[in-house]
Amino acid sequence: MNEANLYPGLNLGGGHGDAHDQAENTVFGFWVFLMSDLIIFGILFASYASYRDPIGLAGGPGPRDLFDIESVAIQTAFLLVGGVAYGGVSLAVKYETGRAKVIAWLLLCAALGAGFLFFEVKDFITQAGKGGVPQASGWLSSYWALVGLHGIHVLSGIVWILAMIAQIIKRGMDDTVKVRLSMLGVFWHFLDLVWVGIFSFVFLVPLA
Amino acid sequence: MSRETSPIVGRLDWTVTPYTDLLREVNSSTIVGAGAASVLVLGAIAGVVLLTWKRWWAPLYRDWLTSADAKKIGIMYIALGLVMLARGIIEGFVMRAHQASALGTLAQPESGLVAPDHFAQLFSTHGTIMIFFVAMPLLIGLINFVLPQQLGARDMAFPVLNQISLGLTAVGAALVMISLLIGKFGTGGWTMYPPYTGIDFSPGEGVDYWLWAILISGVGSTLTGMNFAVTIFKERAPGMHFMRMPLFCWTSLCVAIMLIYAMPALTVSSGMLVLDRYLDFHFFTNDAGGNMMNYANIFWMFGHPEVYILILPAFGVFSEISSTFSGKRLYGYTSLVIASMSIAVISFTVWLHHFFTMGQSAGVNIAFGIATMIIGVPTGVKIYDWMATMWRGRVRITTPIVYLTGFFLLFVIGGLSGIILANPSIDYQVHNSTFLVAHFHNVIIPGVLYGMLAGIHYWFPKAFGYRLDETWGRRTAFLFVGGFVFTFLPLYVLGLMGMPRRSPTFQNPDFLPFMYIAAFGAVLMLCALAALIWTFWTSYRNRLSLAVPGGDPWNGATLEWSTPAPVPEWTFPRIPHVVARDDWGEAKRGEDPWKAPERYDDIEMPANTAHGLLIAGAAFAFAFAMVWHVWWLAILSFLALPGLLILRGMMVIEPRVISAAEVEEADRRFRHQVANLTPVTRADEETELNRGVPDVSEFAG
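Just so you know, the sequences run in chain order X and D. Here the working numbering is used: the first residue of the first sequence is 1, the next is one more, and so on. Here the working numbering is used: the first residue of the second sequence is 1, the next is one more, and so on.
With the rest of the complex left out, here is chain D (with noise of 0.2 Å):
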């Protein structure tokens, strides 16, 4: 850089937005960054002007970002998922867009909506955003709401912990948004390869924004999942055996022990490339030593393990939604414990297909090709224990079945595909290319995305009280189903025809008819975008007709269904004691389900606090100081950090407790509530009928 570091604001200077761009030259590349940068700054005006015009900023506050409930912090997560979501949508789009405009000429071989560069920090958002602010904070914030409902238990074993990690996973997201505003991202992808995001190659603040991003948001990611496993292993219910676990506490077991294990390595290499470009160390340079290889070894030892973090709690969902939409139930659960396990252990062992062709020898290659294909095994018995399951079953066709159909027919795709992948000597020829791209989302969107909207369609009537409409809910899935097939089936072929991904442009004009359905594919996904928002808006529009005070409006068989919808802070009334695997079905099988408990006792739960917003405060104010070297701040933020942790230690926390009374009021109130709603047969769980109270003799499950 030539630019001066001032000491007092560091790199930052009025040049680094993107308006300067479009001021210099006016195209259609600078138009759309500008744009981007408009949308942020006027949705954060919009922001504040909707919370002081409804007075919402005190409610804010005080109900959800210094609560320590896990059900509340897990919404957040969602939320914040969901917005991010938004965003990698929409850049998919423009990407799509670009490259259906981007056939260049030998005389003019660049073209295409937006310049190469932009392209560059495009894509590189686009992953970094997609797996880490998207699918991340989606699968922490679901299980965080439902693991411990499930379990029998009132919260996380630290709440205040899981507080942090919330503002932790936040403050990486909003670094990566803010870079769309002050100075630019990285162009290296969402894995940052060095040498060329070295500081040598990329000497701006891109790869910043990226590195902090990723081990702010990294380091609240291996608490939370230091939290979820403290948490299955000490919190459950009595009576709660492993074996008698919810499959989707299982994964979410798995999802903890591999987020343990894998996420220290991404902080590793995350960590020495911070090193080398911030005090020229010498991990991934090209001179003095340094191998860049490492970078990649280190980086998939936890990327691919993260591939199975993001998947796992997606099988843990389509378990929970199979047995429940099919009345039976669920078939094969010690198989598909066995399965899980089996893939979070595997999935240590295979990362080295990410880099077939570095130039290790074949028998390596082979090794981990190997590894790779039986790592097929255990997802194959999962899907067909998941359609046992549904086989003969009084399949209800409600919008998570669409996704779980719609994930049977394209994930198995995807799988094959990664098994032809598997393959060293296959990958040698299409490594690289968009066969790889269309591979990899066609596991994560069928996987992940359609598993996620899918657990929240599921669980939202327990989150807010009242189920989503079911027609915008089909609708959606049916366009994110096809949205996804006329945008990723065209780059299989693509690939094979020899289209490198990450390419901004190209010169065949052979490949433009599939740009061309590629890019009506993404059309479609924003349409799904669109049918998704408007999906929230009409079912809250709607609360009232679509509203489930019973609490299991789906005749469910865990333990969350047996609770009110909006489910209370304290969760159960008392600890229940689990005598079976299903312990609210074993419930509707017997004599009163909805037996209210003997005797009630006061409830202590954690006071809320602000800890978790200022230590994450402190932590945006030192990234940001990071990136643009404002050092004066970087040192106050950073001790700012032990400082806030010294500061809670030495006082003394009371929880906060409520009283038998009040617990026993609310629990006789939901009693009697349930006890004069009429009971719902399952042919009408989609009407107005559907209050929450299932009709139990119908339940086989």
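With the rest of the complex left out, here is chain X (with noise of 0.2 Å):
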């Protein structure tokens, strides 16, 4: 029986037999994976960077045009919050409490996360009819393509969480659902993260 954490984040735990040592590898390598994709992110984030200047903008509109913070601030609080129900998730798995709550809590995330691509692609359609869409500049160009990267992990995210409801209800709570959870879990509190990043340097920095 191994007790110990074996990778970083909440841990099945020794209780799990089996799937606890399973998920040492395959969650070290979901965080090898993320830290290969924080890459991809952190290059967005700086071109974002290298276009926010009046040759960048090109003419075009700018971020006190077209940002609506209002709306984002509700974006950012139904992401986290979905984060929060993760925690319900990997709780109810790890002190398997019953497969009708880790659905339930799975089912709040999804809606959760709907919530803010809801609120998100409400914001791009209002910005593309200010004439912000990302053909219009560079500085769109790399706005479009980072917060747009995000919002499609967030929509992987919802669609990994219905094909883990639909496994759960075939498979049952057998070991490898139980890792992929795990694995989940670290992803959709990786958008988390992520979304920190762009409400800070994307939304809040250019409109200070």
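Keep in mind that the hints are not guaranteed to be accurate.
Stated by the list, open to error - Here are some, though not all, of the chain D residues that point toward chain X, as calculated from beta-carbon distances under 10 Å:
#1 L106
#2 Q108
#3 F158
#4 L161
#5 L223
#6 G225
#7 M226
#8 P264
#9 D280
#10 N297
#11 A596
#12 Y600
#13 I646
#14 M651
No lab work stands behind these hints: they were computed from the structure. Virtual Cβ for every residue (Gly too), placed ideally from N, Cα, C.
Relying on the hints, combine the two individually framed chains into one complex.
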């Protein structure tokens, strides 16, 4: 029985036997993958910064014309509360409080993620209406690419959540499903982390 | 493009093949183009006929394409790399032949074997193929084959992911290949710098072929890096501490780390160019706030670590062979580990030397120039270490040692010309000239190519059970050394005389003698390629006399030599307990190194699956549809990717269990066979006496 933490983050714990040991490789590998993904976001952040000058703006609409900080705040709330909700999933899996609770928490996460996406897409549409399309300037290209990529990540997170619900229903809470839920947790929190960067550097800094 | 985009077949029509060009106008350029396409078509037909005639389809599918065994995946990677190597070398020859006939006059500036546009496609595909589809598959394949065996692991951490990585790499290679027949390839060089490769100046399908090949194979390489890293961190045999790992494992770890952190940059720069080309974004355009310098910046953030991704596995191979074929312990193990890790880290801090002339301040240039010179230091440490390993050893001049010697002599020249180029003020004089072309071929051919070929020669018996022919192996090595010298050393001179790189023509007759020498060198390279193929063929024919069932033909010291040749799919009957660095060598100093394990257990192996094949199929369809703007196919195949993942997620997949009895039977037969084979001394290593059981009393390393 291995009680030690085998990878960063909330571990399943020795009570889960094989699943705990399997998670060591798989979740560690997923952390490595996310480090790689983080480089992608890092370069996009750097690009965003480099295009945020008069040349990059190219006479097109700028941050003050386009950004609606209230909507961004609502998105932030949705996403971060969604992160907390995943804590519910992890704890329900770890302490085996039943399949129904795991699914309920997962559905809550998916709903909060969908709420985030709803406001994000609404913002994109409004911005496009004001001429803030990615074709308008280098800065807008980098804005759409960075924020859009994060949005696509959230969308794939939701698809993954739904796929996991289907797996729980079909396969039950077997070892593989538990390990995958641990990975999904890391992914879901990773999206929060990136969003904190986006909220600060993409939205707050240009408006400050 | 003025062509209409059809909703069904996109921009495809009957005029996209090089045969149309040949019908329109018959000249040497269109003949070469149509000839290349014909080789592709005939090669494909020949392959299908051979598989059908020999009834190999079922074994190919069952034993190879659906296998999740890292060793088989490694062999498939290497096969892919060698096929692409053949195309790359032939293209190199055509380019040399072209330039030898490309002396123009002021009245008629264009001349030579192929048209300028065709020449540009040649150097673009040549570079793309050699870096992404020769060097990368060779090194990833070699690591896949060797790493788990050296670590004492059964397989990679994620076998099915490994299969997917191979599939995605093959998709990239297939896209580059099919561009020979359908449409054209890009003309922007292997780096495809915008704005030239933007939609305004390169409206056709060529750049898109490159972009999708790079994006898809790049994802494969990222996943591979992750797989290697987790394998090294989590799958080592008990007792295999980090400082007991063979040096090849260390360089693999460096490669893994660099793949993880460098490949995303390539994904971003290519992704941005995709957005520019398909959706009119303005990352790298001339107008509307685009900045093409960002492309160079991001591309080389990947590009420079990539250079060391290519070279470090070769350094790992050289560490293994210099020790084995000198019968000595590797000199300076710790310094080699530190040097490898230093190279991996410093390689991320030098990328700007690829565009010293971009116009940043002198201070920035100097900082990166100094970093570039610093990275030469750990590389120098390594060369001294290998030479010290061989010093006063019983060196056998086997094929890998010929490659190693060629590497010593030539790589040092290439490294020195690199230090010259690291000086920004000199770089301003020779940048974009053939001096640069000579420099990077001078490090990549003696470094990567010789290293990979030496590694293939060294580990071939482990994969197939028989040695490669030494005589032909050495001939191949000498031809590659000579071919390099004649082809590329003249380019240094030409570069200093002012010959620009990628130039389809020139008007200075003084260049001509050097062009002829280089063309002669290219002939030698073609001969080397032929000799390489002949080495495989003649060894296959003589496989009985070259067989080494004992599994340790070179009196090696690392774990992979303790198993039979060819190595069984489970590799080790029992996971070994490692007690020392060079554990197998340590066993040879003890009682009986081939002692059977005390007991055998059932072994779980990953079940065969077509998952990787399906993912690759969908990825290929997606990329091809995107290149030709066949939107319905692009959408369908793109949705197939998550669909396949979700479907597989729903299935409960049981591993394949190999019973303890089967393992025991095979293992006992092997040990019995070893006991009955006559041990061979090093002096007889190349003769038929070598059955893979070395004279252990000779082992000193």
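* **Hints that the structure is at odds with (numbers, increasing)** => Going through the list in order, the structure violates hints 1, 2, 11, 12 and respects the others.
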